[in-house]
Every structure is written in structure tokens, then in C-alpha cells.
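**Q** Sequence lines, in order, name chains A and B. For the first sequence, the residue numbers in this note's numbering are 518 to 939. For the second sequence, the residue numbers in this note's numbering are 8 to 89.
What the hints contain is simulated information worked out from the structure, not anything from laboratory work. Please note: incorrect hints may appear among the correct ones.
What the hints assert, rightly or not - Each computed BS3-like pair below joins lysine-lysine, with the alpha-carbon atoms no more than 27 Å apart:
| id | chain 1 | residue 1 | chain 2 | residue 2 |
| --- | --- | --- | --- | --- |
| 1 | A | K843 | A | K830 |
| 2 | A | K799 | A | K632 |
| 3 | A | K705 | B | K28 |
| 4 | A | K546 | B | K28 |
| 5 | B | K28 | A | K667 |
| 6 | A | K667 | A | K741 |
| 7 | A | K799 | A | K741 |
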Amino acid sequence: MTDALATPDAVRSDDLVPHAPRSRDLFAKFDGLIAERHALLQTNVHDPLGVVMEQVLSPTRAIIKGRETILLGTYNYMGMTFDPDVLAAGERALREYGSGTTGSRVLNGTYQTHKACEDALRDFYAMDHAMVFSTGYQANLGMISTLAGKGDYVIIDGDSHASIYDGCWLGDAEIVRFRHNDVADLEKRLRRLPPDAGKLVVLEGVYSMLGDVAPLAEMVAACKRHGAMTLVDEAHAMGFFGVNGRGVFEEAGVEDEVDFVVGTFSKSVGTVGGYCVSNHPKFDVLRFACRPYVFTASLPPSVVATAEASIRKLGGASAKRAHLWKNSRRLHGGLRELGYRLGTETAQSAIIAVMMPDQDRTVATWNALIERGLYVNMARPPATPAGTFLLRCSLCAEHTDAEVEDILRIFGEAGRETGVIG
Amino acid sequence: MIDRENVFARLAALIEPFNRKSAPLSEATTFAGDLEWDSLTVMDFVAAVEDEFDILITMNMQAEIETVGQLVDAVGKLRSQA
């Protein structure tokens, strides 16, 4: 009301309604963000958050602003998006089952394709149960908010992905955070919890900002000592960690100890969707209790058919895995030789995070890279840990050795131009 | 039960390294407004408080705490339950 009195604008028709307050603009809270975006767009030729792929030529190449560009920021780790078998499966399902299900998994939205996709996940993980969600985000949202109820505790890493935090907010449990990847800090907090309370510890195999790997063997052992169930999100590890490509939990040898594994189809699998696999005998009841599973439409049949075909191929893709790791190690070593500061001491995953000094030089270097035909992700607070600015690279098993050398040459030129390296 | 002054003094010592603006401290000091802490600073500070008093301040509880005085109350309550 006082706002209305303080701003005597021209009389509008709704001012004539007695005592009707002027509506307060809910967008006012975004003014800072709008100003920041405006400043960024004025000083730079390209917008790091407004990239449009005009044509996609392969898992590693696209046309951006008319220029053929190497893609080094897609999470398309195993390069399955143009696999002929995957495309054929999707085309067949599109023709046979139509473009969409128009319904929830628990009503009319479960087709034979969805069951076949869950079968492929059970085989891939050698687990009893698999549940497919419409996105990876919803898988975390649904699993965390449904498993942990009132009076239970969810214990999460401080650097957890937004979907894990949002899963916590959606549920009624008490949320406790521990310092990133710190086993002693996790254990200290587990010890302070009521011994008989329900506890769910949520971990990630690979943390996506710096590409660092969790010490899962030690962490899962600590959880077991304190009677906590564990959920591991393997979004950035599925496909190329462990002999069967199941994730960091396989490589760490804790397959029998982890209670729930969450993952996504939008990275190594090469489409969209999320899932959870488990050996818990009562797992399937979640299909009726989990709101982000029930109250949304299921994935289109063509999407789950491509996911099924891709997952079946990923199980035996050891040659691709080996090439992806080779690419990651070469890029890490090469960037370091150029003088870049990196997020991890060694190539721990398929993500290599280049640490940048400040926002201006991050944007300038990102621009210098795209001008030379190389796309990477720009990441900044609050998404990044400890307020850092990053140019984040994610490798693909389909990047050739020559492409990786091109990437290093472009990074050298761009970094020298913006003064990030000498 | 530990006394209020003692808790305040120990909290003040923990706030010190994060108090970049050297804002004066009282029970009315707010973390977001007066100290201008962002979520990352809050996370580090809460972990330090938890370890100092051997307690857990859940994120649900943190959402209710805006001032140093409210944190003194919360620590006192959690200590008496421990």
C-alpha cells in the first residue's frame, strides 16, 4: 500500500477499484541478474549461456554461428548419440509405438519399451530392481524425498548436485552436510546422529564441477559402521568406471554394500531420462510412493528404446572406455604443460576443470576458444565449489587423437591471447 | 548446560576468520545482512561450529537462524540434548 502512495503514476483503470493495491513486480528480485547478463553481453561477442547448435555433425562436432566447432563440453562421454544401432532402435520404436505415451508410468505410460529398458539396466548392473524416471534430476528428487521421511536424516556432501539438494528440500527429513569428499568429517557427523534414526547418505561417484572422484570404499564403510543406507549418484561415471562400466562404486569394490545407485541417460547413454537400481526386496513399492515418478508423463518410447540399445552396448564397450581414459589423461597432461591450473592433480574422470582467475578472464578465454572453434562449459558461482570460475572440459570416447591435439593447440593460443598462461 | 556468555565468546572466535568486513558483533548481528555471508561461507562456518561444540546443526535448523543470538540459543539447546 505504501508503495502505491509513493509512486503516483497516471491513473490506471485498476486504480479506480477502492483499496486495490498495485501489484508488486515479482521480477524485481532478478534485477541484479539482468544487469549482470547485460554487462556480459555488452563486452563479449559470444554469450557462453546462449550457444545454439545449428547443426550437429557427430558426438564431437557441431556448427555454431556458422562455424564447425569441436565439442568439449557435452557429457556425451561414450559418444553413443549417433551409434547406428541406437538410432535404429529409436526409429523403430517411434514408428511402432508413436511419438509419446501421454501418461504416467503407473497409468497408461508403461510400454513394452519401458520394461525392456529396465531389463537392460538390471542386466547392466546385475541388480534385482530398476526404475526409470523421466530425467536424472527427477530420479534424485524422487529417491531422496521418498526414502527419507519425517524424523529420518539425509547426510549429503557439501558439493552435491542441485538435484540432490532439491530432493532434500522436497522431503521432510532433517538434512546434514559434511565437507566435500572428507571421510573423517562424514564419520564425525554420523556419530553425532541418534543411533536408531533412519539415515540415508547420498554420495556421487564423480563430482561434476572439478571432475574429482569420491573415496567410496572408505565412505561406504563408514556408513555401514553407523547403520546408514547409501545412495550413490553415478551420473558422471556410468559407462567408463569399473570393468563393466557401472561406475565408481564398481571400481571401488563396494557393489554389494551400496543400497541404491542413481544415474542418468543424458550422459554416457546419450539420450534423456534417469534411473535407480537396487537389490532392496521392497524396492518396487517406490513406484507407488514416489511423487516425481508418479505425477509426470513417462519418457517417449523412442527415447527408452535408444536408452536400452545404448545400455546393452555400453556393457561391452571396453575399447571405447580405454580410449576415453587415454583422451582424458592426454588433455590433462597437455593443459598442465601449457601452464593451466587444473581442478585435480591427475585425470580422475572424463571431466577436466581449468581453474580461471576471475569472471572477466573466464569469459574472455571462453570467447577466444569459441572463436577458434572449440566449445567448453563455463561454470561460475554458485554452481562451483569455493566460489571458483571454471572452464570445464568433458571428453568423449569419439574424440580422435588428432582432435585432442587440436584442442590443446587452441587452448594454448586462447590462453596466451587472454594472458591466463604465459 | 554451558552459559550464554561462554557460547557467545566461542562463537565470536569462530566468526572472526570469516568476518572480512570487521563488522561489530552482538547478539543482534545478522549473518546475511551484517556479515554479508554467502551460502559457501555459511557452510564452512556451520561445520566449524558443529565441531567446536560436538553438535549437528541441520540445514532445516540453519534456515531458522538469522542472528548470532539465535545461534547462541540453538547451540545451548543442542548442547543440553547431547
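**Q** Run every hint past the structure and note whether it holds.
**A** Checked hints:
As the CA atoms of A:K843 and A:K830 are separated by approximately 20 Å, the hinted pair is consistent with the 27 Å bound. A threshold of 27 Å between alpha carbons decides the hint, and for A:K799 with A:K632 the separation of about 18 Å falls inside it, so the pair holds. Proximity of A:K705 to B:K28 is assessed by CA-CA distance (about 31 Å); at most 27 Å being required, the pair is judged violated. With a C-alpha separation of about 25 Å, the suggested pair A:K546 and B:K28 falls inside the 27 Å cut-off, and the hint holds.
In summary, the hint linking B:K28 to A:K667 is not supported, as the alpha carbons are separated by about 39 Å, beyond the 27 Å threshold. Restraint check for A:K667 and A:K741: satisfied, since their Cα atoms lie roughly 22 Å apart, inside the 27 Å limit. Taking the CA atoms of A:K799 and A:K741, the gap is about 20 Å. The hint holds against a cut of 27 Å.
In this structure, the hints that do not hold are numbers 3, 5, in rising order.
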